[in-house]
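Generate the whole structure from the sequences, applying the supplied hints.
Protein sequences, first through last, are from chains A and B.
For the first sequence, the working numbering assigns the number 1 to the initial residue and increments by one for each residue that follows.
For the second sequence, the working numbering assigns the number 1 to the initial residue and increments by one for each residue that follows.
All the given hints hold, so there is nothing to weed out.
A few chain B residues that face chain A, going by a derived Cβ cut-off under 8 Å, partial list only:
hint : residue
1    : 114
2    : 118
3    : 127
4    : 147
Simulated restraints on C-beta separations:
hint : chain 1 : residue 1 : chain 2 : residue 2 : range
5    : B       : 184       : A       : 162       : 35 to 41 Å
6    : B       : 145       : A       : 256       : 21 to 27 Å
7    : B       : 82        : A       : 264       : 51 to 57 Å
8    : B       : 146       : A       : 250       : 20 to 26 Å
9    : B       : 82        : A       : 178       : 49 to 55 Å
10   : A       : 165       : B       : 86        : 33 to 39 Å
11   : B       : 394       : A       : 65        : 56 to 62 Å
12   : B       : 273       : A       : 184       : 33 to 39 Å
13   : B       : 354       : A       : 35        : 56 to 62 Å
14   : B       : 88        : A       : 149       : 52 to 58 Å
15   : B       : 216       : A       : 394       : 40 to 46 Å
16   : A       : 265       : B       : 272       : 29 to 35 Å
17   : B       : 184       : A       : 165       : 29 to 35 Å
18   : B       : 272       : A       : 64        : 54 to 60 Å
Just so you have them, the derived chain A footprint on chain B, three or more residues with Cβ under 8 Å:
hint : region
19   : 40-54
20   : 61-70
21   : 149-162
Hints were generated in silico from the structure; no laboratory data involved.
Think of the CB as a built atom: it goes at the ideal place given N, C-alpha and C, for glycine as much as any other residue.
Protein chains: 2
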Amino acid sequence: MKIAYAAMAAAMLAVHPAQAQTAPTAAAQTAIVEDFKPSTLNQPGQQFPQVNSQGYVRFRVMAPDATAVKVSLGLGGRGGTTLAKAADGSWTGTTEGPLDEGFHYYHLTIDGGTFNDPGTRNFYGSTRWESGIEIPAHDADFYALKDVPHGRVEQILFPSPSTGTQRRAFVYTPPGYEKNASTRYPVLYLQHGWGEDETAWSNQGHANLILDNLLAAGKTRPFLIVMTYGMTNDVRPGQPGGLASFDIKPFQTVLLNELVPYVDAHYRTLADQKHRAMAGLSMGGFETKLIALKNLDRFAYIGLLSGGTISLEDVNATPGYRDKVKLTFVSFGSRELEGGRSGPPGGPKVDPRANAEAIKAAGIPSAFYVSPGTGHEFQTWRRSLHEMAPLLFRD
Amino acid sequence: MKIAYAAMAAAMLAVHPAQAQTAPTAAAQTAIVEDFKPSTLNQPGQQFPQVNSQGYVRFRVMAPDATAVKVSLGLGGRGGTTLAKAADGSWTGTTEGPLDEGFHYYHLTIDGGTFNDPGTRNFYGSTRWESGIEIPAHDADFYALKDVPHGRVEQILFPSPSTGTQRRAFVYTPPGYEKNASTRYPVLYLQHGWGEDETAWSNQGHANLILDNLLAAGKTRPFLIVMTYGMTNDVRPGQPGGLASFDIKPFQTVLLNELVPYVDAHYRTLADQKHRAMAGLSMGGFETKLIALKNLDRFAYIGLLSGGTISLEDVNATPGYRDKVKLTFVSFGSRELEGGRSGPPGGPKVDPRANAEAIKAAGIPSAFYVSPGTGHEFQTWRRSLHEMAPLLFRD
Numbered sequence: 001m002k003i004a005y006a007a008m009a010a011a012m013l014a015v016h017p018a019q020a021q022t023a024p025t026a027a028a029q030t031a032i033v034e035d036f037k038p039s040t041l042n043q044p045g046q047q048f049p050q051v052n053s054q055g056y057v058r059f060r061v062m063a064p065d066a067t068a069v070k071v072s073l074g075l076g077g078r079g080g081t082t083l084a085k086a087a088d089g090s091w092t093g094t095t096e097g098p099l100d101e102g103f104h105y106y107h108l109t110i111d112g113g114t115f116n117d118p119g120t121r122n123f124y125g126s127t128r129w130e131s132g133i134e135i136p137a138h139d140a141d142f143y144a145l146k147d148v149p150h151g152r153v154e155q156i157l158f159p160s161p162s163t164g165t166q167r168r169a170f171v172y173t174p175p176g177y178e179k180n181a182s183t184r185y186p187v188l189y190l191q192h193g194w195g196e197d198e199t200a201w202s203n204q205g206h207a208n209l210i211l212d213n214l215l216a217a218g219k220t221r222p223f224l225i226v227m228t229y230g231m232t233n234d235v236r237p238g239q240p241g242g243l244a245s246f247d248i249k250p251f252q253t254v255l256l257n258e259l260v261p262y263v264d265a266h267y268r269t270l271a272d273q274k275h276r277a278m279a280g281l282s283m284g285g286f287e288t289k290l291i292a293l294k295n296l297d298r299f300a301y302i303g304l305l306s307g308g309t310i311s312l313e314d315v316n317a318t319p320g321y322r323d324k325v326k327l328t329f330v331s332f333g334s335r336e337l338e339g340g341r342s343g344p345p346g347g348p349k350v351d352p353r354a355n356a357e358a359i360k361a362a363g364i365p366s367a368f369y370v371s372p373g374t375g376h377e378f379q380t381w382r383r384s385l386h387e388m389a390p391l392l393f394r395d
Numbered sequence: 001m002k003i004a005y006a007a008m009a010a011a012m013l014a015v016h017p018a019q020a021q022t023a024p025t026a027a028a029q030t031a032i033v034e035d036f037k038p039s040t041l042n043q044p045g046q047q048f049p050q051v052n053s054q055g056y057v058r059f060r061v062m063a064p065d066a067t068a069v070k071v072s073l074g075l076g077g078r079g080g081t082t083l084a085k086a087a088d089g090s091w092t093g094t095t096e097g098p099l100d101e102g103f104h105y106y107h108l109t110i111d112g113g114t115f116n117d118p119g120t121r122n123f124y125g126s127t128r129w130e131s132g133i134e135i136p137a138h139d140a141d142f143y144a145l146k147d148v149p150h151g152r153v154e155q156i157l158f159p160s161p162s163t164g165t166q167r168r169a170f171v172y173t174p175p176g177y178e179k180n181a182s183t184r185y186p187v188l189y190l191q192h193g194w195g196e197d198e199t200a201w202s203n204q205g206h207a208n209l210i211l212d213n214l215l216a217a218g219k220t221r222p223f224l225i226v227m228t229y230g231m232t233n234d235v236r237p238g239q240p241g242g243l244a245s246f247d248i249k250p251f252q253t254v255l256l257n258e259l260v261p262y263v264d265a266h267y268r269t270l271a272d273q274k275h276r277a278m279a280g281l282s283m284g285g286f287e288t289k290l291i292a293l294k295n296l297d298r299f300a301y302i303g304l305l306s307g308g309t310i311s312l313e314d315v316n317a318t319p320g321y322r323d324k325v326k327l328t329f330v331s332f333g334s335r336e337l338e339g340g341r342s343g344p345p346g347g348p349k350v351d352p353r354a355n356a357e358a359i360k361a362a363g364i365p366s367a368f369y370v371s372p373g374t375g376h377e378f379q380t381w382r383r384s385l386h387e388m389a390p391l392l393f394r395d
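This is the structure:
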């Protein structure tokens, strides 16, 4: 368990909201194009923050009597962006360089206090509701809200005797689920990262739209996605504990003994091993590895999205891996693979590519995907889900 | 339509977040009891804001270099609460008196800018995501999350040719809906107020838990609740227009021509007039009156929750009212009926009680409910739904 902790700690550090990456060299060479438009995540009617066609972000916040306003989001995730005051009491600033495509968390520091940008919507990350901004991606079409049949995202509340609570999960049901009364469906259990919750894969990840669009194009088999809260190491109800004290057992009990049976009882699932997958991003990937590898009678498909790797040693040390696992999917953002950043801090560097090649060479059905130009952020995970979904439940 | 506009404008003014009421006399006489606890709406791990057993709220915000921090929520909804700075850089303040039971919107003013309290979750009201606080109510049990069978809150995305968008709605399905494959259900279309959206009835109103608990107690017939966005007078996509330009037609088209047929096609509904209800709070009540009274071939049950009244003149002016309407439900918070506040500003005072008595005396099946000690806020509407639900679909 100690190795898992170290690797998980690395993932935690990497999920910090200031992780947005830029290309400093390109930035220094390029003039800022003045075609800024309101971010698509802005609250209704709000004009700021804005994003330009290069991926620069311009912030504007009203705080007439403030003495200092900063934004946590900046060049290379370092330092943030300092806003300057204008005569009308507004504070404005533009990032020093373009941000990576996709979704970024951020917050404001106003006179030494941490607040959200009133211009944008909030998204749960870093164990708080944070501001969010979206840099339009060249491939945004695959998670766009389009005129295709849409599945549902259903909030369920399931009893959890082990925690003495009624717990929340969201269940994506594909278009037509309600009509095909005799059809049963495979299920993907899909976990968020550290500091996030069961809302992340829909709100930040657009998991439902990714599936809707894949299904409309005939590119994947329809299946259910179940998303629940994976940080069960609360110090007290509602207060997440630190990672040092993380123990997989409470979450495993909720997932395997409570949620899976509830879903199989209340949805038309194919309730066997070969029609059940588990995947997760960052900490959710580590949870997947810890739970699924010890429960291969339950899961046939395993996905680690910026959440560790499966080595040939893992395969050999896991009874039944070769027979039972139909797919091992591992992915990262390309920026995570720069400079050995996929290894735990101070620990040995891990090369996910080498592990992926080794298990492939050993005949393990597997896929390895690298999201170009993105880091430990949701654009990597949107793309990873988009790549992984068509590979699931093909038997 | 002009009368409807004036009444709607009154409702709009009344929905302002600073509407929380207190009892000034009692407040002046009572010492503050130091048993403050974190609000149940706080973000995970956050200790402030806190509420005491009397309903006072204590706020604490970190902003070491700020010069002024105020909270919009205060005594009688006037003036707000001014926070004072401590040596550690925190700002603390307590409301001058106890607030009414239930949910209140609020925000901070920090150095002249409007921000949310980082301690609490956000709720969509006043066309922005606002901070929320919950004063525990003596009757909170009816909307508590309990160990009873729970229905689902399902996000659907339905095509809307009239607006050229894919629109969102939430559908509450009662426990057992998925099992009773041959059972069909009545439907309540339930609208939010001005500046709110389709999330309000679940997030602020706990509509799903109210129904779960009523059903567990055998006190209501199971039915679906459909909640969608009723502010269709956007100036441009995502930017709500003012009320002066409000036109019911766009929303009526979405509701009657697009959403109702979608729900009837995708859920097992009883798709006839006598199994369809429409109700709404504040502006949603006005929308209900404008739409349902002109479409009595579609709706048999009508609910106005702090959203106008049905007079005998309305009944007599509406062809078919006596034959087709199975229930007219009207409710208010008791504080709304103090000082003629239910009338439009500058216009004639309306006495909802007199209207309710007049239609009852004329033999119109109707119910009139007043929520004790609450104003134009969600505690009134939670109670109103709890009162109304058992009266629906009894034929």
